[in-house]
Structure formats: C-alpha cells, structure tokens
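Student: Given the coordinates of chain A, work out where chain B should sit on it, guided by the hints.
Now for the letters of each chain:
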Amino acid sequence: MAVQWNTDADAALAEAKATKKPLLVDFSAAPA
Amino acid sequence: MPVEAHIKERPAYFHRFDAVWTPTVLVLDPDGTERLRIEGYLPKDEFRAQLEMGLARVAFMRKRWADAEQRYAAVVERYPDSKVAPEAVYWRGVSRYKATNDHTALGDVPGQLEEKYADSVWALKALPWSH
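Chains A and B, in that order, are what the protein sequence lines are. Residues 1 to 32, numbered by the working numbering, are exactly what the first sequence covers, in order. Residues 1 to 131, numbered by the working numbering, are exactly what the second sequence covers, in order.
Honestly, I wouldn't trust all of these hints.
Below 30 Å or equal to it, Euclidean Cα-Cα: the simulated DSS-like pairs (lysine-lysine) are [what the hints assert, rightly or not]:
1) B:K125 x B:K63
2) A:K21 x B:K8
3) B:K83 x A:K21
4) A:K21 x B:K98
5) A:K20 x B:K44
Source of the hints: derived by calculation from the structure; they are not laboratory data.
Isolated chain A (complex conformation) (with noise of 0.2 Å):
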C-alpha cells in the first residue's frame, strides 16, 4: 500500500488533532 505523503504540517497537525492520531514527519535532502 503506499504511502500517502502530505507536504503541509500545518494541515497535517490539524487534521492530527481533529482525529486524535499520531503524526509521523520525515525530513529528508534525498534526490527526488
């Protein structure tokens, strides 16, 4: 299954809390 990445924190934070799960953030310099 992939993964679905999400490029925006912010969104990503609020829709964390709406729905009470964690959140992974992966930082990476790695060639696309």
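Tutor: Showing chain B alone in chain A's frame:
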C-alpha cells in the same frame, strides 16, 4: 499520518522542528508534541522497532496504559533482537504498573532483562525493582 519535508521544498520546517540532519524522523502526538526523534539511517527492522516505540510512547504519555503495554509487548515480540527491545521490556513493565498500581508488576522486570538483555542500560535501571 505521514508528512514529508524535503530540505529544498520545506526548509522552514527544518528550523521549526529543529531538524539538523537527514534523515530525521519525528513521531508527534496528536497535539503536536514530539515523542520520538530518530536521527540518521537505520536498517529496516530497527527503524520499524523504533517507530513502534514512538507510538507506544504516544500511548503512554496519553495515559493509555493498556494500549502502551500492548505496544511495548509487540516490540519485544516482533523485534527481540533490536536495540530498543530492552527498553520496551522496561516500559512494558512500567505500563502494567501504571495500569494496575500493583508494584509486583515491576518485580518481574529485572529478571526479564537479565535473561536476555543483561548488558543493557535498562537492566541497570530495573535493578532497584529486584525482589
């Protein structure tokens, strides 16, 4: 809920979350409080074990003791040879103690750690609970 922050696309996020190296992975609780930080590469199983420790920590800090105990137990069961397994044994015991308020839940922990993880710092931390 996964968020991707690439240095070229979201440099401000690096500053905001104090990410000073890549790869860095954070596990935040639903309120945005950091509960786990992984800096640097890890092999797949070690990475998975650490992520699950992060989720267990989220449950623990939200005082969901039964959920936390179950999550720590799952780390011990699925990743017994991982670097975080002894820490999971320790917190599994603490979670059970928090759930039951029964101090004997801690008494088993030193033996469990001594059996397989005697050289870990968590075995030392559990020593005061020895019978």
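Student: Work down the list of hints and note, for each, if the structure agrees.
Tutor: Checked hints:
no.: 1; hint: B:K125 x B:K63; verdict: holds, 22 Å
no.: 2; hint: A:K21 x B:K8; verdict: holds, 27 Å
no.: 3; hint: B:K83 x A:K21; verdict: holds, 26 Å
no.: 4; hint: A:K21 x B:K98; verdict: holds, 22 Å
no.: 5; hint: A:K20 x B:K44; verdict: holds, 27 Å
Checked against the numbered hints listed earlier, the structure breaks none of them; every hint is satisfied.
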